[in-house]
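Given these sequences and hints, build the entire structure.
This is what each chain is made of:
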Amino acid sequence: MSDEQLIPIAPLDGKPHPVVATSHFGFRDLISEAITALTARPARTLLTALGTILGVAALVATLGLAKTAGSQIVGRFDELAATRVSVEPEDRSFGADQRTISVIPWDSGDRLQRLNGVKAAGTKSDVDVGSRLARAVPVIDPLGQTEFQVPVIAVSPGTFAAVRTTLETGRYFDEGHNDRADTVALLGPNAAARLGVTRVDNTPAIFIGEQPLAVIGILEDTSREPDLLSAIIIPDETARLYFGLSAPASVEVDVEVGAAELIGSQTSIALSPNSPELLRVQVPPSPRGVQDDVATDVNSLFLLLGAISLLVGAIGIANVTLVSVLERTGEIGLRRALGATPGQIARQFLTESASLGALSGLIGTSLGVLTTVVISATREWTPVLDPWLPIVAPIIGAIIGLIAGVYPSLKAARMEPVNALRSF
Amino acid sequence: MTSPVVELEGVTRTFDSTPPVEALKSTNLTISSGDYVSIVGPSGSGKSTLLNVLGLLDSPTEGVYRLDGTDTSQLGERRRAGLRATRIGFVFQSFHLLSHRTATENVMLAELYGGRDRKNRKARAQESLEKVGLGHRLDAFPPTMSGGERQRVAIARALTAEPSLLLADEPTGNLDTVTSEAILELFDELHRSGLTIAVITHDVDVSLRAQRRVRIRDGVVTEDTLPAKADTGQRSEWDALMERESATGDELE
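Residue numbers (our numbering), protein chains in the order written: chain A, 1 to 424; chain B, 1 to 253.
It cannot be assumed that every hint is accurate.
In silico DMTMM-like links for lysine to aspartate or glutamate, alpha-carbon gap of 25 Å or less [what the hints assert, rightly or not]: (1) K122/B - D71/B; (2) K411/A - E33/A; (3) K131/B - E149/B; (4) K25/B - E416/A; (5) K411/A - D16/B; (6) K122/B - E33/A; (7) K25/B - E7/B; (8) K119/A - E256/A; (9) K131/B - D188/B; (10) K119/A - E175/A; (11) K119/B - D139/B; (12) K25/B - D203/B; (13) K119/B - D29/A; (14) K25/B - E181/B; (15) K119/A - E220/A; (16) K119/B - E33/A; (17) K119/A - D221/A; (18) K411/A - D58/B; (19) K131/B - D205/B; (20) K25/B - E9/B; (21) K122/B - D174/A; (22) K119/A - D107/A; (23) K411/A - E77/B; (24) K119/A - E33/A.
Calculated from the structure, these hints are not laboratory results.
See below:
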């Protein structure tokens, strides 16, 4: 000890010296004191943090799984419904009379094909054949039934792709068949079985009433229009010429994923520029809407559970911080003697509890993300997570720690140094 | 003549109880730079109140307390705390060391609130520990140290901020005679190097080491004009007085 540091700061006029040192507690010291206090008893720190860890983990896992599951459901919708657009004429009443006037043009398929996002499009109409029955051969078999009531459906060549059919044998009819109104037909598998047609390499003939048709193919399946499976399918022009079909009854469109809404809004104008309101366009429900519905259902319950565990976690932190304030009464007294103000004492305990909360949030977020990934892996889902979630969750933890630390910190700050020092 | 470190002028401390307790009555006391003062008195005499007022842990209800010439009654808590951090070093009976921190870290605590640079804090702490003879125990944790070593760490902590006044409250109260003697020798040494020391005690041996002795009884402070211990003729009377007082104190405790 030299004498140098004992220089008095007494001013000449006897008033308080203006440059008396103020108590100072730097940010780095604050953080390092908080970390030292937390690491002094790691087991206790971890146990204190457990409630908040679980709460944050539950929140993150809930939001993550809801998002993941929502995306999965939308993904499944994509396969069938989300890429389907269909058009039917709107019912219109004319005075007392209610009739359906179809304004769907014959070349609907070609028109829609030109829209960006349409994969395939074509018309489809039920053909009224009256009481005419269908038979495979003009032979009268007295023992068995050879004539059947079989529905007849007229389609344009593009419709097969639009409703995603697969072929059992033979071929589809093409634009040429349609343009020439060739008397050709495809059979749905059920219709083929009833009519006894099993092979088409010799183009067997069938009759609807007295009208012969050459069978050029048999369908295997369709993923969208099951009524095709038990029908005789003929080209539009053939139906028009031989069966008096006046206008197509509907249009089927297969669109790119995500294009359904846009195509839906363009279709009616493309098909009926003068009176688009006469068409009713059906588009799949918005994927976003579906996803939100699912997310909301799953979320509300688990978010509540997460919130409850966060509350429990906050109470845990508050409780242990309070106990630790009481335990460290002597330390608080010492710090006051070493030059800490009540505010600095409060700040120190607040920083400790906030750091603890942030740490809990970080661990909880990691656990939550891990849970989401593991559950997704077992379900063979693709884990989907909002990017803000891993950032916001630790902040929530820190805020919880901060709130939990308010009362214990105030209590620590209010301690009289004199009493606190005696309690050691 | 050296300048005063501590000047108490008519300092009174009254506690708001029913009836109000006047723990310190119109006290005048001056401690000059380089003084070694012992403050003796039984429990309940106002000793602790005087210590708290001197240490700026408590404010007088009346009167003026000037530390290094600064009138502390005019200061807010931040500046009072700043004065505690930079000008007063505390040594307590029960050491007040943090058991989860090494000796060096405990000493470093002293600079936490003083606003000195962080960079050389560790070096200064180790220097202080070497000064009190603990250069070989820098990284020891308090629970593994003897009572004497712990009190040396506490003294090193009080010294590292280079205070104007070292305030010791029963510094040997928890130590055996041999260790006490070593600590008191350390105090003597610090006194010789020019440090201003005020020791509060009821131990006669401790008070006799001081160059000035102040007695306090029922809140009244009187400076003992008896000569230092070198004058053996007067010593027995002083001893008898002190022993009687400490006996009373022990009973109260």
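Hint-by-hint comparison with the structure:
| no. | hint | result |
| --- | --- | --- |
| 1 | K122/B - D71/B | 33 Å, violated |
| 2 | K411/A - E33/A | 19 Å, holds |
| 3 | K131/B - E149/B | 13 Å, holds |
| 4 | K25/B - E416/A | 22 Å, holds |
| 5 | K411/A - D16/B | 22 Å, holds |
| 6 | K122/B - E33/A | 15 Å, holds |
| 7 | K25/B - E7/B | 15 Å, holds |
| 8 | K119/A - E256/A | 6 Å, holds |
| 9 | K131/B - D188/B | 13 Å, holds |
| 10 | K119/A - E175/A | 17 Å, holds |
| 11 | K119/B - D139/B | 19 Å, holds |
| 12 | K25/B - D203/B | 23 Å, holds |
| 13 | K119/B - D29/A | 12 Å, holds |
| 14 | K25/B - E181/B | 33 Å, violated |
| 15 | K119/A - E220/A | 21 Å, holds |
| 16 | K119/B - E33/A | 16 Å, holds |
| 17 | K119/A - D221/A | 19 Å, holds |
| 18 | K411/A - D58/B | 19 Å, holds |
| 19 | K131/B - D205/B | 24 Å, holds |
| 20 | K25/B - E9/B | 11 Å, holds |
| 21 | K122/B - D174/A | 91 Å, violated |
| 22 | K119/A - D107/A | 16 Å, holds |
| 23 | K411/A - E77/B | 17 Å, holds |
| 24 | K119/A - E33/A | 66 Å, violated |
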